[in-house]
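Chain by chain, the residues:
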Amino acid sequence: MLPRFWRKIKYRYNLIGTKCENCNTYYYPPRNLCPKCRRKSKIVEVKFSGKGEVLSYSVIHEAPENMKDQKPYIVALIKLEEGPIITAQLVCDSSEVKKGMKVKAVFRKCGEEGSAGVIYYCTKFVPENL
Amino acid sequence: MVGIVSYGTYIPIYRIKTEEIARIWGENGETISKGLGVKQKSIPNLDEDTATIAVEAAREAVYRAKIDPTHIDAIYVGSESHPYAVKPTATIVGEALEVGNYYFAADLEFACKAGTAGIQICYSMVKSDMIRYGVAIGADTSQGAPGDALEYSASAGGAAYIIGKKGVIAEIIKTVSFTSDTPDFWRREGKPYPKHGGRFTGQPAYFRHITSAAEKIMEELDLKPSDFNYAVFHQPNGKFPVRVAKMLGFSKEQISPGLVVPYIGNTYSGSSLIGLAATLDIAKTDELILLVSFGSGAGSDAFVLRVTDEIENFERKPGVWEKIEKGVFVDYGMYVKLRRKIKMGD
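Line by line, the protein sequences give chains Y and U.
Read left to right, the first sequence gives residues 1 to 130 (our numbering).
Read left to right, the second sequence gives residues 1001 to 1346 (our numbering).
Errors might be hidden in some of the hints.
Unchecked claim - Straight-line Cα separation of at most 30 angstroms, DSSO-like style, residue types lysine-lysine; simulated pairs:
1. K1343/U x K71/Y
2. K68/Y x K1341/U
3. K1216/U x K1039/U
4. K1195/U x K109/Y
5. K36/Y x K109/Y
6. K1066/U x K1224/U
7. K47/Y x K1337/U
8. K68/Y x K1087/U
9. K1224/U x K1284/U
10. K109/Y x K1165/U
11. K1066/U x K71/Y
12. K1252/U x K1326/U
13. K1066/U x K79/Y
14. K1195/U x K10/Y
15. K1326/U x K102/Y
16. K1337/U x K109/Y
17. K1165/U x K1317/U
18. K1317/U x K1239/U
19. K102/Y x K1284/U
20. K47/Y x K99/Y
21. K109/Y x K1284/U
22. K1195/U x K1034/U
23. K36/Y x K99/Y
24. K104/Y x K1317/U
25. K51/Y x K1326/U
26. K99/Y x K109/Y
27. K79/Y x K1341/U
28. K109/Y x K8/Y
29. K10/Y x K1252/U
30. K1174/U x K68/Y
31. K8/Y x K1087/U
As the list claims (entries may be wrong) - In silico contact screen, one side only, chain Y against chain U (beta carbon under 10 angstroms); selected entries:
32. K10
33. S58
34. I85
35. T87
36. R108
37. K109
38. C110
39. E112
40. Y121
Hints are computed from structural coordinates only; laboratory data are not their basis.
Predicted, not measured: the structure shown is a model, and the values here were computed from it.
Even for Gly, the Cβ is constructed at its ideal location relative to N, Cα and C.
Next up, chain Y with everything else stripped away, as it sits in the complex (with noise of 0.2 angstroms):
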């Protein structure tokens, strides 16, 4: 099987979750069967706009190795504009975070195996009027 990040290259670029038709709720990641509808599910892919608010923050001090030169770096819940909670990196100065900050996601480095393996993008957030 190929590796998870080349199978997840199309959900981590964009915000590209799904959508049950049947209850109007919206998922990512994205998931083939809605919890909620479960065999009455009529679930569809949609694209989210990116803009969102942080719900809550953790400061990460603690770092695991390859994240080490990022610290402190911020791991925050967003809520999407369309609902879903995601769990992302905050790229903004730790002192300027906040509860109810308006977000908007961008396209960046999110690890990279060695200097001479493979290297993974992904969606961040910043504070929406950078």
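Following the hints, put chain U in place on chain Y, whose structure we already have.
Structure of chain U alone, referenced to chain Y:
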């Protein structure tokens, strides 16, 4: 009519002042800043590279164009700092723009003029009806060796241009290139920093190529400098574009809207294209613009553009100068960390 349908730019948020770099190397910052005409330069964040800059600029261009991304049939990314030596940046951009899979794509390298080379390719493909829209991007996170003169100017940024026939905001009337084998600046395979011929290469490289391309295109179209509302020349520093404008007979007023290098440095493949974007930000219907890029090695691509009335309803906010003003300054210690110049332990 074939021309620019849309454009977008991206400039990373971090800046470092020329004085701060000079402080570390025991140089006089004020003298260097005045000598180069560069007050500060942009720096990419740790999670930014040429691909992320290219994607952000291209997304802005697609958003402003209000076109279906699947109508983009070609993507060319010009850079001298592609994240991979082998594996294209253009495919990353194509996936991020959701253009589908049937599109022409390649990465280009021609020092600082690879972006305008991409525009020429898209222009010819649109003109010959091979494609509907083509995206040409010039983006770089350029490198200057610590302590080298380039360290004061080598910066990061990019611009993306959508070339097409429908909804043209600036018609490409003509393009001309002047090219010669001139080893003024180079980077060998596997080497982290470029090398250059030093202070006396300006005349045979930058000035010769830009003036030759500019004079040729004006001669072929029977135009003179005073016929143009604006001119944009490649901006390796703040002095060269001003001097070449004077040599050709252009005024400071004609080049000042697009002279961004004093505030963001030399964004290499993005340089003249960000300058053009800043100029298009204020351009009005029927205005004439001369664009001349320069890439070491060496070559210049000249374009004569006529702005159409489509620009009046084209979304141009946030403008390039607004993005330039949003900089956050860092010290040299943070700069070397952001540019990964620190040798880490295993």
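Hint-by-hint comparison with the structure:
Straight-line distance between C-alpha atoms of K1343/U and K71/Y comes to about 18 angstroms, which keeps the hinted pair within the 30 angstroms bound. Taking the CA atoms of K68/Y and K1341/U, the gap is about 16 angstroms. The hint holds against a cut of 30 angstroms. At most 30 angstroms may separate the alpha-carbon atoms for a hinted pair to count; K1216/U and K1039/U exceed this at roughly 33 angstroms. For the proposed pair K1195/U and K109/Y, the alpha carbon gap of about 28 angstroms is at most 30 angstroms, so the pair holds.
Pair hint K36/Y plus K109/Y does not hold up; C-alpha atoms about 35 angstroms apart against a cutoff of 30 angstroms. Proposed proximity of K1066/U and K1224/U is contradicted: the alpha carbons are some 35 angstroms apart, above 30 angstroms. A distance of roughly 35 angstroms separates the Cα atoms of K47/Y and K1337/U; the hinted pair therefore is violated under the 30 angstroms criterion. Pair hint K68/Y plus K1087/U holds up; C-alpha atoms about 27 angstroms apart against a cutoff of 30 angstroms.
A threshold of 30 angstroms between alpha carbons decides the hint, and for K1224/U with K1284/U the separation of about 20 angstroms falls inside it, so the pair holds. Annotation: proposed proximity of K109/Y to K1165/U is violated, straight-line Cα distance about 34 angstroms (limit 30 angstroms). Restraint check: the Cα-Cα separation between K1066/U and K71/Y comes to about 38 angstroms, which exceeds 30 angstroms; the hinted pair is violated. Of the pairs offered as hints, the one joining K1252/U and K1326/U holds, with about 25 angstroms between alpha carbons and a cut-off of 30 angstroms not exceeded.
Simply put, K1066/U and K79/Y have alpha-carbon atoms about 26 angstroms apart, close enough for the 30 angstroms limit, and the pair holds. A threshold of 30 angstroms between alpha carbons decides the hint, and for K1195/U with K10/Y the separation of about 39 angstroms lies outside it, so the pair is violated. The hinted pair formed by K1326/U and K102/Y meets the criterion: a straight-line CA distance of about 17 angstroms does not exceed 30 angstroms. Between K1337/U and K109/Y the CA atoms are separated by roughly 16 angstroms; this keeps the pair inside 30 angstroms, and the hint holds.
Between K1165/U and K1317/U, the direct Cα distance comes to roughly 23 angstroms. Compliance with the 30 angstroms bound is thereby established for this hinted pair. Restraint check for K1317/U and K1239/U: satisfied, since their Cα atoms lie roughly 28 angstroms apart, inside the 30 angstroms limit. A C-alpha spacing of about 34 angstroms is found between K102/Y and K1284/U, which places the hinted pair above 30 angstroms, so the restraint is violated. For the hint pairing K47/Y with K99/Y, the CA-to-CA distance comes to about 25 angstroms; that is within 30 angstroms, so the pair holds.
For a cut-off of 30 angstroms, the pair hint linking K109/Y to K1284/U is broken: about 38 angstroms separates their Cα positions. Of the supplied pair hints, the one linking K1195/U and K1034/U holds, its CA atoms being roughly 23 angstroms apart against a limit of 30 angstroms. Proximity of K36/Y to K99/Y is assessed by CA-CA distance (about 29 angstroms); at most 30 angstroms being required, the pair is judged to hold. A distance of roughly 16 angstroms separates the Cα atoms of K104/Y and K1317/U; the hinted pair therefore holds under the 30 angstroms criterion.
A C-alpha spacing of about 20 angstroms is found between K51/Y and K1326/U, which places the hinted pair at or below 30 angstroms, so the restraint holds. With a CA separation close to 25 angstroms, the supplied pair K99/Y and K109/Y stays within the 30 angstroms bound. Under the criterion of a C-alpha separation no larger than 30 angstroms, the hint pairing K79/Y with K1341/U is inconsistent with the structure, at around 37 angstroms. Between K109/Y and K8/Y the CA atoms are separated by roughly 15 angstroms; this keeps the pair inside 30 angstroms, and the hint holds.
A threshold of 30 angstroms between alpha carbons decides the hint, and for K10/Y with K1252/U the separation of about 47 angstroms lies outside it, so the pair is violated. In summary, the hint linking K1174/U to K68/Y is not supported, as the alpha carbons are separated by about 51 angstroms, beyond the 30 angstroms threshold. Of the supplied pair hints, the one linking K8/Y and K1087/U holds, its CA atoms being roughly 18 angstroms apart against a limit of 30 angstroms. With its C-beta approaching chain U no nearer than about 7 angstroms, K10/Y sits inside the 10 angstroms limit, and its interface hint holds.
A distance limit of 10 angstroms between C-beta atoms decides the matter here; for S58/Y the minimum to chain U is near 18 angstroms, and the interface restraint is violated. Using the Cβ-Cβ criterion of 10 angstroms, the hint placing I85/Y at the interface with chain U is not satisfied: the shortest such distance is roughly 22 angstroms. Of the supplied interface hints, the one on T87/Y is violated, with its beta-carbon coming no nearer than about 17 angstroms to a beta-carbon of chain U, more than 10 angstroms. Interface hint at R108/Y: satisfied, since its Cβ lies 4 angstroms from the closest Cβ of chain U, which is below the 10 angstroms cut-off.
Taking 10 angstroms as the C-beta cut-off, the interface hint given for K109/Y holds, the closest approach to chain U being about 4 angstroms. For C110/Y, the suggested interface contact is upheld, since its CB lies about 7 angstroms from the closest CB of chain U, less than 10 angstroms. About 9 angstroms separates the beta-carbon of E112/Y from the nearest beta-carbon of chain U, less than 10 angstroms, and the hint is met. With a cut of 10 angstroms, the hint placing Y121/Y at the interface with chain U holds, because the nearest CB-to-CB distance is about 6 angstroms.
The structure is inconsistent with the numbered hints 3, 5, 6, 7, 10, 11, 14, 19, 21, 27, 29, 30, 33, 34, 35, although it conforms to all the rest.
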